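Asker: Generate the whole structure from the sequences, applying the supplied hints.
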Amino acid sequence: MSGLGFFASARFWRGALPALSLTFVLLGVFWLQPRAMSYFGLNLLFNLAVPIALATIAQMFVIAVNDLDLSIGSFVSLVACIGATWLNETPLLGIAALLGCIAVYAAIGALIYIRQLPSIVVTLGMSFVWSGCAVLLLPTPGGSAPDWIRSLVTLKPPYVPMPLVAAVVLALVVHFALMRTSWGVLMRGVGGNEKAITRAGWSVLKLKMTMYALTAVFGILAGLTLVGLATSADANIALRYTLLSIAGVILGGGEFVGGRISPVGAVLGAMTLTLTASFLSFLRISPDWQIGAQGAVLIIVLALRAIVNRLEARK
Amino acid sequence: MRIRQSILLATTALALTVAAVQPSVADTSDKRIALSNNYAGNSWRQAMLKSWGKNAEQAVSAGTVAAGDAFTTAENQATEQAAQIQNLILQGYDAIVVNAASPTALNGAVKEACDAGIVVVSFDGVVTEPCAWRIAVDFKKMGEIQVDYLSGRLPDGGELLEIRGLAGVFVDDEIHSGIEAGVANHDKFNVAGSVHGEWTQTVAQKAVAGILPSMPEIVAVVTQGGDGYGAAQAFSAAGRPTPIIIMGNRHDELTWWKEQKDANGYETMSVSIAPGVSTLAFWVAQQILDGQDVPKELIVPFLQIDQADLEEGLANTEPGGVSNVEYSLDDAKAYLESVK
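Residue numbers (our numbering), protein chains in the order written: chain U, 1 to 315; chain X, 1001 to 1340.
Don't read these hints as lab results, they were simulated from the structure. All of these numbers come straight from a predicted model, not from anything done at the bench. Idealized CB from N, CA, C, for every residue including glycine. Every clue listed holds true.
Label-pair distances were calculated between CB atoms; the ranges are:
no.	chain 1	residue 1	chain 2	residue 2	range
1	X	T1242	U	L32	50 to 58 angstroms
2	X	P1241	U	A96	50 to 58 angstroms
3	X	H1186	U	A296	51 to 59 angstroms
4	U	A177	X	G1291	52 to 60 angstroms
5	X	D1027	U	T23	41 to 49 angstroms
6	X	D1030	U	L32	14 to 22 angstroms
7	U	L302	X	G1092	29 to 37 angstroms
8	X	S1236	U	L205	50 to 58 angstroms
9	U	A177	X	A1116	37 to 45 angstroms
Answerer: Right, dumping it as structure tokens:
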């Protein structure tokens, strides 16, 4: 009996850890900067977390099938550049380019599966391709976001700030699709036990291509939100997202292998990462120490995770 | 020479302060100014932050402003700096001075700051958002005068090696376009190759060493600052004759130049922006908060050291630092008076 209880509690802690870390950092921010505890403040604190959360969800789809996407940062940058140029001036060309990106992503998924290539190598290569395209499209920073994106991201709904609404909707939609539908089980099954899925008569190739295409879709959403917030683009605008998105998935309770992911956790993880940076800057930690402090926060959360994992293993 | 010029400026400024009745400085004594900086990884940025810190500390202890805090992002990324600016808005600063990671990608955050009634002054890496002030350096000119100088030294022209900065950064594009324009004006010169030195000696040394074997005879190296010493090392390691390398006012570059000058009469010139421009930005922000009418577009001159000024320039440069000119409140007022 007690073993069962222990197991349940480890599982509970695993799921609760992302939410607890976010609450902890948020309380810290409120304590240091009471001004943040307002509609205006929450909006400022979280609006740049939305594109990061979207990129984290994109990364999560790839991690769910045991792969890693090292190109998501440059892909989001490219989308931002397309958003600030083609999508604004010639919307049809822009939409075609974005659809093309999704197709390329699906093709990468197929290539990785058919040739059994390490995803890290392929996506690392692709990151240079995306960056190159972005620089070709927008050699010097500039362009301007289409008005409809601009008005969408600056929407001010009553009572609850837009970034929080967006985060909740994003987390619930992806959670429902991946964790509550049979289709989602299949997708996660590719990461969990590829052979079982194949034996059951499903095409892993198609599933992997779908997951990669979904990565592109969420990458595109991230890029468009980002360009809406920034008002214009830069070929290097989101390079940081590659590592942030991986850290977000892992902070949120995902694992690199086994199709073990948590969409709600990933969104919380992305928000925690964004908030940590604000927290450290409110703490007035000297810039020289900030990178280290940010790393330390990550290590603390991951160390707690390791403890939870150990509890789980001991069940 | 700029150092001398600034002494002149200071003297005029003194005269001006005596002559004109300035509004009380107490107007801004409760105002808080923040610096949002995107990068601190080279000697120029370190000197820039040091100048800011020293100047802000004096201004705070003199009661001119209430705070002058500096914030640097951990990584040189526009998204991170946009988040940092939003944090500064939340912290309730009255003015934000920005050295931007991108001229455009921060516009959203800058606009939010302006809408919250905050004065935004950008310098060095300026932003294009119309509500912000810009203290720009004429980087293009900085590229052009290098080739102008070389055409005086080498009437026959020849092959040049260009060391660029960080790809995709505005400053790099501007200096590069200046060098291109210079080469177009003096058509005896040709840029045989270019590498990215990222304004860092070690990176420049590696990059130059990598391209040298494939290069014809190089008569001169045009640079962006922080890369001249590395280039010199790469040439000597490859056993090639040292060309005329334009320096960038760094202490190691000036020291090397002095050694060569004493040993074999080596001649070159050195040009860069004084990192003390951050202090000018500080005072411009203070003057705007003070209610002064300041034009939105300002241009600061760069700091050039010639063969004859080398010893003086070197003496004025801290080891590990960059030749500097810092602005006092009076210098800044005199400067603003001169551009009106």
